[in-house]
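Asker: These are the residues of each chain, in order.
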Amino acid sequence: MEQQVFALPAAWWFDAVKVWLTVAVVIYAVTAIPGILFIMKYRYKPGEREIGDHEREGHWGLEAAWTIIPTIIVLFLATYSFTVFKLQRTPPKDAMTIKVYGFMWGFQTDYLDENGKVIKTVYSFYKPDNYNAAENEKIVVPAGKPVKALLTSKDVIHSFYVMPARITEDMVPGRITHLWFQINKPGEYWIFCREFCGTGHSHMFAKLKVVPQEEFTAWLRGDSNGLARKKAETKESL
Amino acid sequence: MREAIPAEKPYFLASLREWIFTTDHKKIGIMYFVTSYIFFLVAGLFGLVIRAEQTQPGFQFVSPEFYNYLLTGHGAVMLLWWAIAAHIGGFGNFLLPLMIGARDVAFPRLNAFSFWSFFGASLLVLLTLIPGNHIKMMWTGYPPYSATGDAGPTALYVFIIHLIGISSIAGAVNFITTYIKMRAPGIGFWNTNMFVHCLIGANVIQLIGVPSLAGAVTMLLLDKYLGTNFYNPAKGGDPLLYQNVFWFYSHPVVYVQVLPIFGFFSEILPTFARRPLFGYTSMVFAVWGIVFLSFEVWIHHMFVSGVPDWARVIMSYTTILIAVPTGVKIFNWLGTLHGGAIILRTPMLYALGGIFMFLIGGLTGIPNAMVAIDLGISDSLFIVGHFHYVLAMAVTLGILAAITFWYPKATGRMFPEGLGKLSFWLIFAGANLLFFFQMVVGMLGNPRRYPDYPAIPEWIMLHQIQTVGGVILGIGVLVFTIAMIKGLKGEKAPANPWQSPSLEWRIDSPAPANNFGDKPPKVEPDYHPYKYGAPPAF
Amino acid sequence: MAHEVAHHEEVSVWPVIAGIGTFLAPLAFTAYFAWNAQMAGLVLGGVSLVLLLISAAGWANEHFTAGKEEGFGWVGIFAFILSEIVIFGTLFAGFWMARTTHANEWASWVPEGINLGMAGILTLILWASSFTIWKAEVALEEEGNNGKAMTWTFITLILGGLFVVLHVSEWIHLWNEGFTLMANMYGTGFYALTGLHTSHVLVGLLAQLYAIWLLASGKMTKDKPTMMKAVSAYWHFVDVMWMLVAGTAYVVGTLGV
Ligand code: HEA
Ligand code: HEA
Ligand code: CUA
Ligand SMILES: [Cu+2]
Chain A
1 MEQQVFALPA AWWFDAVKVW LTVAVVIYAV TAIPGILFIM KYRYKPGERE IGDHEREGHW
61 GLEAAWTIIP TIIVLFLATY SFTVFKLQRT PPKDAMTIKV YGFMWGFQTD YLDENGKVIK
121 TVYSFYKPDN YNAAENEKIV VPAGKPVKAL LTSKDVIHSF YVMPARITED MVPGRITHLW
181 FQINKPGEYW IFCREFCGTG HSHMFAKLKV VPQEEFTAWL RGDSNGLARK KAETKESL
Chain B
1 MREAIPAEKP YFLASLREWI FTTDHKKIGI MYFVTSYIFF LVAGLFGLVI RAEQTQPGFQ
61 FVSPEFYNYL LTGHGAVMLL WWAIAAHIGG FGNFLLPLMI GARDVAFPRL NAFSFWSFFG
121 ASLLVLLTLI PGNHIKMMWT GYPPYSATGD AGPTALYVFI IHLIGISSIA GAVNFITTYI
181 KMRAPGIGFW NTNMFVHCLI GANVIQLIGV PSLAGAVTML LLDKYLGTNF YNPAKGGDPL
241 LYQNVFWFYS HPVVYVQVLP IFGFFSEILP TFARRPLFGY TSMVFAVWGI VFLSFEVWIH
301 HMFVSGVPDW ARVIMSYTTI LIAVPTGVKI FNWLGTLHGG AIILRTPMLY ALGGIFMFLI
361 GGLTGIPNAM VAIDLGISDS LFIVGHFHYV LAMAVTLGIL AAITFWYPKA TGRMFPEGLG
421 KLSFWLIFAG ANLLFFFQMV VGMLGNPRRY PDYPAIPEWI MLHQIQTVGG VILGIGVLVF
481 TIAMIKGLKG EKAPANPWQS PSLEWRIDSP APANNFGDKP PKVEPDYHPY KYGAPPAF
Chain C
1 MAHEVAHHEE VSVWPVIAGI GTFLAPLAFT AYFAWNAQMA GLVLGGVSLV LLLISAAGWA
61 NEHFTAGKEE GFGWVGIFAF ILSEIVIFGT LFAGFWMART THANEWASWV PEGINLGMAG
121 ILTLILWASS FTIWKAEVAL EEEGNNGKAM TWTFITLILG GLFVVLHVSE WIHLWNEGFT
181 LMANMYGTGF YALTGLHTSH VLVGLLAQLY AIWLLASGKM TKDKPTMMKA VSAYWHFVDV
241 MWMLVAGTAY VVGTLGV
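Protein chains in written order, with the numbering used here: chain A, 1 to 238; chain B, 1 to 538; chain C, 1 to 257.
Hints are computed from structural coordinates only; laboratory data are not their basis.
Hints are not guaranteed to be accurate.
[Stated by the list, open to error] Chain B regions said to be covered by chain A (calculated; three or more residues, Cβ under 8 Å):
{"#": "1", "segment": "22 to 36"}
{"#": "2", "segment": "161 to 175"}
{"#": "3", "segment": "230 to 244"}
{"#": "4", "segment": "323 to 331"}
{"#": "5", "segment": "335 to 342"}
{"#": "6", "segment": "499 to 511"}
Source: prediction; values computed, not measured.
Note that beta-carbon positions come from the ideal geometry of N, C-alpha and C, so glycine has one too.
Please model the entire structure based on the sequences and the hints provided.
Answerer: Right, here's the structure in full:
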């Protein structure tokens with residue numbers, strides 16, 4: 001796991017998973033251990049223990065307890081998840097915006113300036129038999145800066161899963177959805193399409209390249225996108 | 001206990017003509033069951049090929065197109081044939097009239113029609129095996145993809161669902177009417193078998209839910225072949241409409257699948273703990289609570305689909321609340337074990353295994369319901385692991401438990417005990433190896449519906465463990481199947497091998513053709529299906 | 001049939017024949033649209049229709065010759081109507097979703113020729129027919145008067161027929177104006193809702209025709225009124241559903257855009 005990577009909203013996500021896992025293990029233990037003990041203790045023994053207890057067919061106190069206590073636990077879990085959800089869905093004010101289009105099969109990433117004008121475009125294309133991305137197909141973002149991604153699709157439904165940030169959102173034609181993430185450690189990470197979209201689904205990926213802010217600024221000004229665009233045109237004319 | 005019934009031949013000694021044209025609920029039940037068991041084996045084999053393909057990165061055995069076909073077939077057939085038809089069509093038909101002391105269901109001819117409509121759907125599934133007719137849109141069939149050429153013949157997908165739907169609605173109308181109108185005098189709401197409560201609850205869901213699924217796929221059919229715009233965003237339609245209408249049924253369907261299983265557990269546990277079912281009343285409330293809640297939660301399958309945030313939060317709460325009535329059932333089963341005289345026969349092993357696995361499946365449903373966690377694991381193999389725990393474990397073990405439990409009533413023979421136990425341990429071990437590590441690799445990020453994945457070392461190792469589990473599981477199913485066939489020539493069964501007070505055990509094994517004879521059975525005034533008095537006869 | 005002397009009839013050929021009929025219908029559609037075998041599709045469709053009609057007739061005949069009636073049909077039809085409501089519900093969901101999310105474009109989709117007058121006339125016709133079928137039910141169940149029940153059912157049939165004729169002419173008119181099923185989501189929703197509803201009207205009319213035959217041949221009497229009850233309940237359902245359909249397809253579709 002990329003726990004050493006400090007990424008958002010992944011950090012909160014990992015906390016939430018830990019909370020759930022603790023609760024689940026405790027509930028499993030509280031339920032399964034007595035269950036197994038009963039199975040061992042109250043075993044049928046010819047001549048000795050041939051019929052079970054016929055007196056107790058229920059116990060209102062117990063039954064009320066195991067209705068009320070779980071209700072409280074699940075309401076707590078849902079409310080906790082709600083608070084995290086608000087953080088996940090609210091991009092910080094200083095976030096930069098990218099717009100990503102899904103298509104069969106690949107991603108087109110537009111970098112927008114403050115006025116929403118496209119200043120650079122990266123195409124991440126489908127490789128039917130490998131997971132290698134050329135340098136100019138990598139989606140580059142600055143480290144330590146929140147990125148808001150507006151998502152939509154050009155054909156069928158896809159999705160945009162930023163693995164290090166543990167966040168997904170579908171890309172739906174005719175709609176613009178969004179998510180945000182921030183990755184603090186430079187490096188290369190996976191982005192996958194997680195909504196089924198046909199033959200190329202399992203190879204619809206992109207590499208997310210996180211670089212220091214200065215490097216990103218230089219990259220954004222640079223002309224590497226000319227190459228990508230030329231490649232896109234040849235692909236599309238095929 | 002009851003007057004001798006006229007010596008009637010067992011129901012299954014009938015000519016081929018009588019089998020085909022039969023309207024008898026027992027024969028129809030058996031035909032349903034045999035059809036779905038065969039489809040289970042085929043879909044399971046598909047599952048093993050899927051499993052094999054994922055063992056290593058790269059494409060080893062099948063092309064991505066063929067993988068998509070296998071996965072579509074695996075999901076759809078497992079869900080609609082194995083997890084619905086086997087216990088509702090099969091056991092529901094066989095047991096419902098016997099448990100309420102009726103001669104047959106309310107509309108026997110409609111019942112036969114239900115089966116033949118289901119059989120028609122089975123034939124359509126066989127047609128998709130022909131190259132060129134592979135459906136590759138997954139069991140969920142989301143548009144716009146399912147309306148493109150890449151997805152295969154959409155029409156077949158839609159009509160399979162239509163035929164199954166007709167069969168389910170007719171069946172639901174039939175069962176509900178039967179329960180309301182045909183109980184023997186003395187059987188009331190509060191002394192009905194839990195299986196019957198669960199079955200009727202499940203059929204209420206079917207009645208209200210199936211038309212919604214039928215509507216969703218009909219709109220898909222019209223969009224693809226007649227050019228309507230339901231799901232076409234360019235002309236005012238919306239692809240999310242499909243998902244809403246689809247999940248409005250396809251979430252509740254999971255309780256259609258699991259409620260009868262809860263019914264099986266509730267029949268088998270008291271029998272082999274030799275004591276009454278604990279908390280019968282709260283069990284009944286829990287069933288109907290689940291039925292009611294199940295229609296309020298469908299957005300949890302669309303947490304990342306782009307629906308408004310408020311809808312996600314509301315349905316996150318409603319979803320997680322289902323843990324409460326479900327928990328009530330689990331705790332009541334524990335209460336039943338407490339103070340029992342527990343006998344670990346094959347049906348009991350399967351039932352206990354099923355309950356403990358359901359517990360894992362249920363607890364791994366909780367993070368999916370917590371919307372914040374779901375944003376990170378939706379459409380990953382974690383989800384797949386979650387539902388295999390509930391479906392491939394709880395539901396499957398539950399059906400196998402039911403087979404071994406009512407085998408004497410259906411065949412007049414005892415289920416082979418040794419092979420039964422062996423198959424249980426193989427299936428139990430294999431399935432845990434497979435599906436636990438599926439959840440782990442999903443937590444690490446592995447997306448679902450991926451025949452291929454990047455060569456990340458932990459992922460590869462986790463997939464290899466799963467495949468080992470899959471093979472053990474497959475052998476277990478094979479052993480069970482052999483046992484089931486061998487048992488037909490096995491030891492003869494008495495009328496009531498488990499010494500159960502429940503009505504279906506008061507007639508001969510195998511069940512006579514006319515059930516209880518000409519008159520409804522006499523039910524004592526204080527009848528209750530779980531009054532376990534005498535020790536069993538074995 | 002096989003065991004007439006025994007308790008219950010245990011075999012029947014009609015469910016199997018009906019099953020084959022329902023299996024061939026999808027095959028016909030698939031052949032026509034997906035396999036490019038139009039001829040085969042038409043033939044299969046024809047065979048399917050014939051099988052369905054034969055089995056319906058045979059089934060009904062068997063039902064009415066089988067002796068006593070248990071009166072379960074009432075519960076059955078009620079349950080069935082419940083599930084029908086949900087089918088309509090899915091189309092309503094589609095219509096409303098489009099109406100709310102595309103409120104801005106909607107106005108440009110509304111055709112000239114659509115008007116509430118026609119909806120009003122159609123509504124009045126259905127109201128009248130709901131009254132007449134109720135009279136028929138009373139005539140049979142309370143007075144035991146088969147002739148009178150027949151007359152009222154017949155009037156209902158005529159009214160229902162009139163509804164269909166007027167509605168179809170309205171469709172043709174709108175369609176020619178360019179307001180087609182394919183034009184936009186209003187067209188899709190409009191024809192889907194009214195079309196599904198009209199298909200139910202047709203089923204209701206067939207059932208009435210059948211009830212008339214049962215009344216005429218004396219198979220249905222005061223003591224065996226389930227079929228009349230069912231036909232009438234279904235027709236009331238079709239009538240109530242029309243208010244919702246018209247309210248959505250006409251009123252919500254055209255007002256306030
Ligand atoms: C029989 C089938 C079955 C059953 C019973 C369940 C039960 C549950 N499921 Fe599952 N689910 C599926 C079959 C099933 N599911 C399938 C097939 C899918 C995937 C479909 C697809 O996309 O292909 C799916 C997917 C799925 C999702 C969507 C995930 C996604 O796609 O992103 C979610 C989200 O909320 C979910 C949640 C739950 C919950 C909360 C329960 C609850 O009902 C579980 C309740 C039970 C317990 C919690 C355990 C017992 C309770 C106690 C011991 C009490 C104490 C407990 C607490 C206090 C927590 N399931
Ligand atoms: C009731 C439901 C049910 C059941 C019982 C199962 C049972 C199994 N499933 Fe199931 N599965 C689903 C429902 C179910 N599944 C659904 C709904 C999906 C999602 C589909 C989608 O994404 O749309 C899915 C997806 C799914 C995947 C995910 C693929 C992906 O996302 O890329 C995998 C992968 O391992 C898998 C494997 C298996 C296996 C190995 C079994 C085993 O338990 C099968 C056991 C049976 C047999 C093995 C067959 C019988 C044995 C023989 C005929 C003998 C011969 C064999 C040997 C000698 C070894 N399934
Ligand atoms: Cu794009 Cu999956
Ligand atoms: Cu669900």
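Asker: Now, for every hint given, state plainly whether the structure supports it.
Answerer: The hints, checked one at a time:
Coverage of the segment 22 to 36 of chain B by chain A is violated. Counting CB-CB distances below 8 Å, 0 residues qualify, and the rule asks for three or more. With 0 residues having a Cβ less than 8 Å from any Cβ of chain A, the segment 161 to 175 of chain B misses the three-residue criterion, and the hint is violated. Coverage of a stretch by a chain is defined here by at least three residues with a beta carbon nearer than 8 Å to that chain's beta carbons; for the segment 230 to 244 of chain B and chain A the count is 5, and the condition holds. Figure legend: the segment 323 to 331 of chain B, annotated as covered by chain A; annotation consistent (6 residues with Cβ-Cβ distances under 8 Å, at least 3 required).
Against chain A, the segment 335 to 342 of chain B contributes 7 residues with a C-beta closer than 8 Å to a partner C-beta. That satisfies the three-residue criterion, and the hint holds. Residues of the segment 499 to 511 of chain B lying with their CB closer than 8 Å to a CB of chain A number 0, which falls below the three-residue condition for coverage.
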